[in-house]
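> With chain H held as given, fit chain C onto it using these hints.
These protein sequence lines are chains H and C, in that order.
Oh and the first sequence: position 98 is 98 in full-length UniProt numbering, straight run, nothing missing.
Oh and the second sequence: position 97 is 97 in full-length UniProt numbering, straight run, nothing missing.
Everything labelled a hint here was simulated from the structure, so no lab data went into it.
Small disclaimer: the values here were computed from a predicted structure and weren't measured.
There are no misleading hints in this set.
Covered stretches of chain H (chain C as the covering partner; in silico rule of three or more C-beta atoms under 8 Å from a C-beta of chain C): (1) 40-53; (2) 68-79; (3) 84-96.
Label-pair distances were calculated between CB atoms; the ranges are: (4) C/E87 <-> H/D104: 30 to 36 Å; (5) H/Y103 <-> C/R23: 22 to 28 Å; (6) C/T90 <-> H/Y103: 28 to 34 Å; (7) H/R109 <-> C/T24: 24 to 30 Å; (8) C/T70 <-> H/D80: 24 to 30 Å; (9) H/A76 <-> C/R57: 35 to 41 Å; (10) H/R40 <-> C/V67: 37 to 43 Å; (11) C/T70 <-> H/T106: 15 to 21 Å; (12) C/H60 <-> H/R40: 44 to 50 Å; (13) H/N35 <-> C/R100: 26 to 32 Å; (14) H/R47 <-> C/T24: 37 to 43 Å; (15) C/P61 <-> H/T90: 38 to 44 Å.
Backbone N, C-alpha and C fix where the C-beta goes; we use that ideal spot for every residue, glycine too.
2 protein chains.
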Amino acid sequence: MLQILGLIGSKWSILIIGQLRDRTLRFGELHRTVNGISQRMLTLTLRQLERDGLLTRTVHPSVPPRVDYTLSELGATLLDSVVALGEWATTHRQEINDNRSRYDATHPRQPPS
Amino acid sequence: MLQILGLIGSKWSILIIGQLRDRTLRFGELHRTVNGISQRMLTLTLRQLERDGLLTRTVHPSVPPRVDYTLSELGATLLDSVVALGEWATTHRQEINDNRSRYDATHPRQPPS
Numbered sequence: 001m002l003q004i005l006g007l008i009g010s011k012w013s014i015l016i017i018g019q020l021r022d023r024t025l026r027f028g029e030l031h032r033t034v035n036g037i038s039q040r041m042l043t044l045t046l047r048q049l050e051r052d053g054l055l056t057r058t059v060h061p062s063v064p065p066r067v068d069y070t071l072s073e074l075g076a077t078l079l080d081s082v083v084a085l086g087e088w089a090t091t092h093r094q095e096i097n098d099n100r101s102r103y104d105a106t107h108p109r110q111p112p113s
Numbered sequence: 001m002l003q004i005l006g007l008i009g010s011k012w013s014i015l016i017i018g019q020l021r022d023r024t025l026r027f028g029e030l031h032r033t034v035n036g037i038s039q040r041m042l043t044l045t046l047r048q049l050e051r052d053g054l055l056t057r058t059v060h061p062s063v064p065p066r067v068d069y070t071l072s073e074l075g076a077t078l079l080d081s082v083v084a085l086g087e088w089a090t091t092h093r094q095e096i097n098d099n100r101s102r103y104d105a106t107h108p109r110q111p112p113s
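Bound conformation, chain H alone:
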């Protein structure tokens, strides 16, 4: 349960799953549409999602090989909750940023650790 939440709870997994809603994307397309993700983190997250059976990786025998990613049936069952989380974050972003500013103004900074 913890391990599974650890995966589906990662922000990168949430963003990748959201991008694969209703479409198939190649590695390079995912790299462009998931803002801020490094190639390495994208590679690792895709591998974890494939390992868990949440997405399907298809290698087309072209030159150079084309690799497609698409949500599996299992991945699709996760989509509603993931989309809901993303929409919640978008809706409440400003409110949360305001809360953070207010908190920081009234709390002494903790020593870095």
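Quick look at chain C alone, frame taken from chain H:
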């Protein structure tokens, strides 16, 4: 958006928010009910959730002081999605573990990094 997903997407945040559904808990109670969390990680995650305005921290002036945590109104709006994720993870845990075993049996191990 990324920062916000980074917080609400952490497994510990998800588990803590789930535990605070419909009830107020003290630090020690959270530490006992959120399996596997260290005191330090619980402290850090609670501080982040408080900073974001997702929960309310109340210090009662007893000896020793009692500190309660409860979901804020904003935190309560996140509850449905969080509970849905947790239920998804519980429902599909076995299937995902099977997928992982199958993947590991058919893929050479990656070098550690």
